[in-house]
Amino acid sequence: MTKNLVVFDKIHKSFGNFVAVEEMNFDIKEGEFIAIMGPSGCGKTTTLRMLAGLDAPSSGEILINDQVMNDVKPHERDTPLVWQSLALFPFLTARENVEFGLKMRGVEKAERKKRALNWLDKLGILEFQDRDISTLSGGQKQRVALARSLVMEPKMLLLDEPLSALDAHLVIRMQSVLTQLQKELGITFVYVTHSQSEAFAMADRVVIMSKGEIAQIGSPRDIYREPANQFVAEFVGRNNILSGTVESVEHNRAKLNTPSGDFFVEVKAGQLTERDSASFVISADLVHLSAGEPDSKNTVACQLISEEFVGSMVTLFLENASGHEFKVQMQERELSKLELDLAKPIWLSWSECSAHVLGC
Amino acid sequence: MPIIVWQLAFFVGPVLFMVAMSFFLVKNYRMTEAFEFVNWAKMFSKGYFWSSYWHTVWIATISTLCAMCLAFPAAFALAFKASENTRRWAIFFLIIPFFTSYLVRTFSWFVILSESGVVNAILGTVGLGPYTMLNTHIGTLVGYMTLTLPLVVILQTVTMANIDRTLIEAARNLGCKPLAVIWRVILPLSKAGFIIAAVFCFILSFGDFVAPFYLGGSQEPTLPILILDTTKSGQQWPRAAVIAVVMMATLFTLAFTAIAIAYRKRSTS
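So the sequences go chain by chain: U and W.
Going by our numbering, the first residue of the first sequence is number 1, and it counts up by one from there.
Going by our numbering, the first residue of the second sequence is number 1001, and it counts up by one from there.
By construction, these hints were calculated from the structure, which means they are not laboratory data.
Among the hints, erroneous ones may be present.
Said to hold, decoys possible - Residues from chain U that face chain W, not an exhaustive set, calculated with beta carbons under 7 angstroms:
1) Leu54
2) His75
3) Trp83
4) Ser85
5) Ala87
6) Phe100
7) Gly101
8) Met104
9) Arg105
10) Gly106
11) Val107
12) Ala110
Yeah, the Cβ is synthetic: ideal placement off N, Cα and C, and Gly gets one too.
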């Protein structure tokens, strides 16, 4: 059982009348890669800033290593942050930037240089050590910013959307650099992002936030396949959500009346009762397509609206008679194997066990 | 294009004329066109010219240091502690002194600084003084501050208000103590703006005639006072032109060097 490195205990943060974080309770374990994800204004950055001591909680306690941190000043903490804007000092060279924190800690000059060069080397930017920050490329700056934080040898590294300024191909590269570093160093990474692909690609656990509250915490797989509520299901994207009323519940199977038709879903015992209103979600990649009406229960006839290619994957956007939008995601070569006439109605179907009932 | 014409007509033209005038001769109290170096040789050989020159450089330097130091706490508070709105109002109020004549503002110091003035009256109540402040270097400096301080506060405030706050937070995040942030981050980031503020302050003090004349009592004459004396005594306009050209050359060199330092790129080897 790994130890809790950070505990948020009933944390509340407001700026004047604006509530940024409301009643937040969660733990961060030692050595885990945790991603905090949500739309802008959801309180994810405020959460990170509270960890660094840059914002003080309005109420509640933050514990790091079992120590209450509320009154510990930012410069007395061991929580280096990699900033969205990188925040490199323009009046210092790459190496001087990396040395900055060590200098503040009173590390002696020769030692400082040795450690800074070691990290610049590790991140593959040793040759740029004497360069002005303004002469470096985005990816090189990113590495300087990482080195500047990691040279402090922290137990926990905070990252605030660090890849948002990079080109798409560099993002993928940096993702693997980050995950490798995290494994190698065995330290905790707290990674704030609005990008689902970044969070899912790197994190052990993902915290989804909405309007200052935690909407769900779980592994990327859990969040993708079993979203806790409508917000998560919609935010995680590429999900089909259907809402309706429960007509009957038999064993572990409920029948729902929705404007798009009647559907059967698997339920846990006592999860739903008759006449409840309920929503369920089917991931876009679990929907089957066919030209004729399939011989199964959960089917909808749709008309194709548009399609979107992302490399080998294709997403179809369809609409049924009642105007509900459906998304279907599949391999491009599988779609062409089906030989569908995209002008004619297409039948969507899914198995009962693919449907996941949402909490309220 | 019109700007260039304007500059030529009203700046370059007069300056060139003044340079030319420094080579003119004065005969029978009348200026005559000539190209002689006698004025230059005369002025440069005078001990009083050089002592006045170095005195002016010295007191303008002290004035600049005083203004920069006095302005800093105010500018710091306005840039980092005050709200956007307060800062706007403060800058507006700092511009107001320029509405009234500098001469009037200088004369108002008489009431405050004279031996029977406000300051000595207050000090008198606790048994101190009276101190002589008028007709001393203190008087001159007070006058210079009247002229330069509002401008220096504005320039420093605007410079520091434009600093990216994230850089300050980043320094704090890396273990920099609150006070150390000032010289580790804020001052390096403010370099260009502060140098420009200092240059402005030096130029204004260096060329000011009112403060050393009325508040400083012109005991040790500064160059502007020397110009006045030179023109009054025997119509020596060409010699005054020599002083003026030397002053301009000094300020030009200073401003040029300072701006070069302010915007110097670090080596990128």
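Status of each hint after checking the structure:
no.	hint	verdict
1	Leu54	holds (6 angstroms)
2	His75	holds (5 angstroms)
3	Trp83	holds (6 angstroms)
4	Ser85	holds (6 angstroms)
5	Ala87	holds (4 angstroms)
6	Phe100	holds (5 angstroms)
7	Gly101	holds (4 angstroms)
8	Met104	holds (4 angstroms)
9	Arg105	holds (5 angstroms)
10	Gly106	violated (9 angstroms)
11	Val107	violated (10 angstroms)
12	Ala110	violated (19 angstroms)
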